[in-house]
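> So you can see what is in the structure, the chains are spelled out below.
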Amino acid sequence: MFKRKLAALDHHAPDSFNINDEREIRNLVLWLENQKIRRYKIEDRAPLQATGPEWNANFEKYCKDLASPIADGSMAEKLEWLIGYAVSLEYSDDADKYKGQTAENVSKIVVNVPKVESSNPLDNMDFESPDFKKGILALAQILDVTPHPDHLVTLKAVSKVVRERLSQEALDKPNNIIVKGKPFPFQEADLGFDMGDYVLNQAAKILRLLYIHDLRDLQTGINETIVAVQSITADPKTDTKLGQVGR
Amino acid sequence: MVVRDYNDELKYLERIDANSWRIKKGFQPNMNVEGVFYVNSALEKLMFDELRNACRPGMVGGFLPGMKQIANVAALPGIVHRSIGLPDVHSGYGFAIGNMAAFDMSDPNSIVSPGGVGFDINCGVRLLRTNLFEKDVQPVKEQLAQSMFDHIPVGVGSKGIIPMTAHNLEEALEMGMDWSLREGYIWAEDKEHCEEYGRMLNADPSKVSLRAKKRGLPQLGTLGAGNHYAEIQVVDEIYDKWAASKMGIEEKGQVCVMIHSGSRGFGHQVATDALVQMEKAMKRDKIETNDRQLACARINSQEGQDYLKAMAAAANFAWVNRSSMTFLSRQAFAKQFHMTPDDLDMHVIYDVSHNIAKIEEHVVDGKQKTLLVHRKGSTRAFPPHHPLIPVDYQLTGQPVLIGGTMGTCSYVLTGTEQGMQETFGSTCHGAGRALSRAKSRRNLEYTDVLKKLEQQGISIRVASLKLVMEEAPESYKNVTDVVDTCHAAGISKKCIKLRPIAVIKG
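Taken in sequence, the protein lines are chains A and B. So in this note's numbering, spot 69 of the first sequence is number 69, and the numbers just go up one at a time. So in this note's numbering, spot 488 of the second sequence is number 488, and the numbers just go up one at a time.
Some hints here could point you the wrong way.
Said to hold, decoys possible - In silico DSS-like cross-links for lysine-lysine, where the CA-CA straight-line distance does not exceed 27 Å:
#1 K213(B) to K237(A)
#2 K309(B) to K280(B)
#3 K241(B) to K205(A)
Source of the hints: derived by calculation from the structure; they are not laboratory data. The structure presented is a predicted model; accordingly, all values stated were derived computationally and were not measured.
All chains should be built: construct the whole structure from the sequences, respecting the hints.
Have a look at this one:
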């Protein structure tokens with residue numbers, strides 16, 4: 001009960017408040033007065049701290065002092081109003097901050113910010129800020145990456161270089177990781193078709209190269225798998241006694 | 001066969017350009033398409049002499065001349081485009097050796113013919129490179145040749161040194177090079193650099209006769225006889241340095257190992273069994289051919305399907321065979337140089353098959369079609385970017401390995417786009433015989449042949465000296481003429497020339 005309103009008030013246990021427990025009711029009322037409503041001066045709050053049956057009378061008086069419209073209602077109704085009153089006080093304390101929370105704005109916030117609060121500082125970065133763009137450009141220059149008009153594409157390329165060429169493994173044993181390609185005059189290589197346009201043909205050639213690169217990775221993976229299986233199954237034998245040279 | 005005199009025959013032949021001739025319909029009866037053959041002036045003379053001899057009165061028996069055989073193939077049901085004779089074409093059983101023909105799979109009348117594949121199913125060439133140079137090998141050439149000879153049994157009736165059980169053989173027939181990989185005889189990269197990745201997936205060992213399996217079992221890992229050989233070769237010339245570099249060949253003098261072998265008695269038996277079945281199928285389905293040797297069956301008939309499955313098993317046998325010899329060659333080199341095959345960089349450059357029928361996609365008259373391509377004494381030569389060639393050769397085109405004859409040179413070519421269009425990505429396979437085996441035996445002395453090889457500085461180990469003269473270079477067409485014709489016609493491109501320094505033969 002009152003979960004949302006209590007949460008809005010930063011109550012310490014909005015989920016577990018139990019309306020049937022008299023002690024909890026008394027503590028809640030005292031907490032509301034102390035933290036949020038502050039109708040009485042601190043020294044005048046003693047009646048609400050009472051532990052005996054006199055508390056009920058004191059609470060009736062408190063409600064009257066706050067001009068609560070609920071005179072004969074149940075305890076739940078009285079508390080409902082009291083908490084609502086505290087929320088309204090909280091709102092008027094900082095109305096500017098809260099009045100922007102229209103349905104439209106709220107839905108926008110939900111889209112932009114992941115609900116789960118991330119501990120990754122990168123999630124809070126502004127990827128479109130000029131600073132960020134400048135940083136990527138600088139990084140690309142250091143790593144010899146040709147910048148793309150879309151800085152996020154450049155970032156992708158930079159990340160690829162870092163992952164593949166600057167990993168601990170690649171730095172320790174560069175010969176194992178970094179492929180030593182041999183040059184090949186692919187500009188003169190037969191493309192296999194002609195699209196009738198120099199620029200398109202160039203682009204197609206580059207696509208061919210990228211495809212071959214992917215294919216090489218696939219084939220290498222296949223070979224590695226075969227070798228792994230071979231280490232279990234292989235047992236080559238020869239027996240020269242079987243050999244016989246023919247006529 | 002139509003009997004005409006030589007001058008009448010010539011009316012059906014028409015020069016297309018400097019390197020090719022057309023065989024017009026009517027040269028033989030019922031031709032569905034035209035024939036074509038590729039030659040240069042030297043090879044042209046051989047072809048026409050052969051035809052003239054066959055036209056002389058009283059010439060009966062023996063094989064028909066190559067041109068007639070090409071034309072007879074053009075008369076087979078379902079053939080598309082053209083019946084093509086490559087520059088090394090010469091008479092064979094039914095189909096000429098060096099004949100390529102493709103049949104439309106969507107035509108229910110299309111046929112498959114064992115004569116279009118040949119008896120040595122998946123006979124082919126494999127080339128291994130090393131990081132050694134001629135100067136490293138020359139001083140130990142004799143020892144190395146002997147070591148190779150000790151590891152790889154050769155000759156008719158030879159038996160291999162890799163232990164095989166009947167169960168192993170069944171698995172090998174189904175798995176091809178995957179079996180060799182599983183057992184650890186070869187490297188993962190070997191499979192990558194092999195036509196079909198060393199395994200025909202439609203192989204079905206249950207379609208192979210027990211007799212074939214019995215013949216094949218002891219023969220795995222043996223070279224065989226005839227024109228088969230293992231050679232230690234050195235790079236003599238590099239024509240296309242970029243393509244060569246993609247194959248790991250950087251400089252002249254680099255040492256390579258070439259293995260030319262096939263499916264031994266196993267493939268021969270599969271072909272023989274199939275021919276018997278096909279004769280029955282021809283009668284039943286009323287298939288007419290110009291030549292009894294062109295026995296065939298509809299692709300979709302039981303006999304046709306059985307043959308294709310058994311042929312695939314024989315193809316797998318041949319790949320396991322060449323893989324076993326790859327293993328043995330690596331061992332021989334490792335022992336000689338006290339280095340691991342890895343350190344010697346003994347990678348397979350490529351492995352081609354030049355006696356096979358395969359289902360491929362091609363463009364015929366602007367339409368994509370599924371064809372059954374018969375290549376008999378013809379090598380697949382796919383262009384750059386073809387999806388069926390290894391990633392390492394995507395920019396260069398498929399390496400095409402052309403084995404020369406004993407003591408002459410061998411070549412590596414690459415496939416071209418023009419070849420894809422003109423010959424369904426096919427090119428020559430070797431020198432091609434010029435003299436029959438019997439004629440070679442009559443005309444040549446084996447001592448002269450051996451002396452000549454010795455003068456050239458070539459070490460030789462043979463199982464049978466008597467067979468040497470059958471394989472003497474004089475018995476063959478000049479491989480350089482053959483390769484130059486393919487290059488000039490544009491159906492493949494010269495890349496590397498190799499010359500032998502040691503030969504191991506059956």
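> If a hint holds in the structure, say so; if it doesn't, say that too.
We went through each hint and held it up to the structure:
no. : hint               : in the structure
1   : K213(B) to K237(A) : holds (21 Å)
2   : K309(B) to K280(B) : holds (18 Å)
3   : K241(B) to K205(A) : holds (21 Å)
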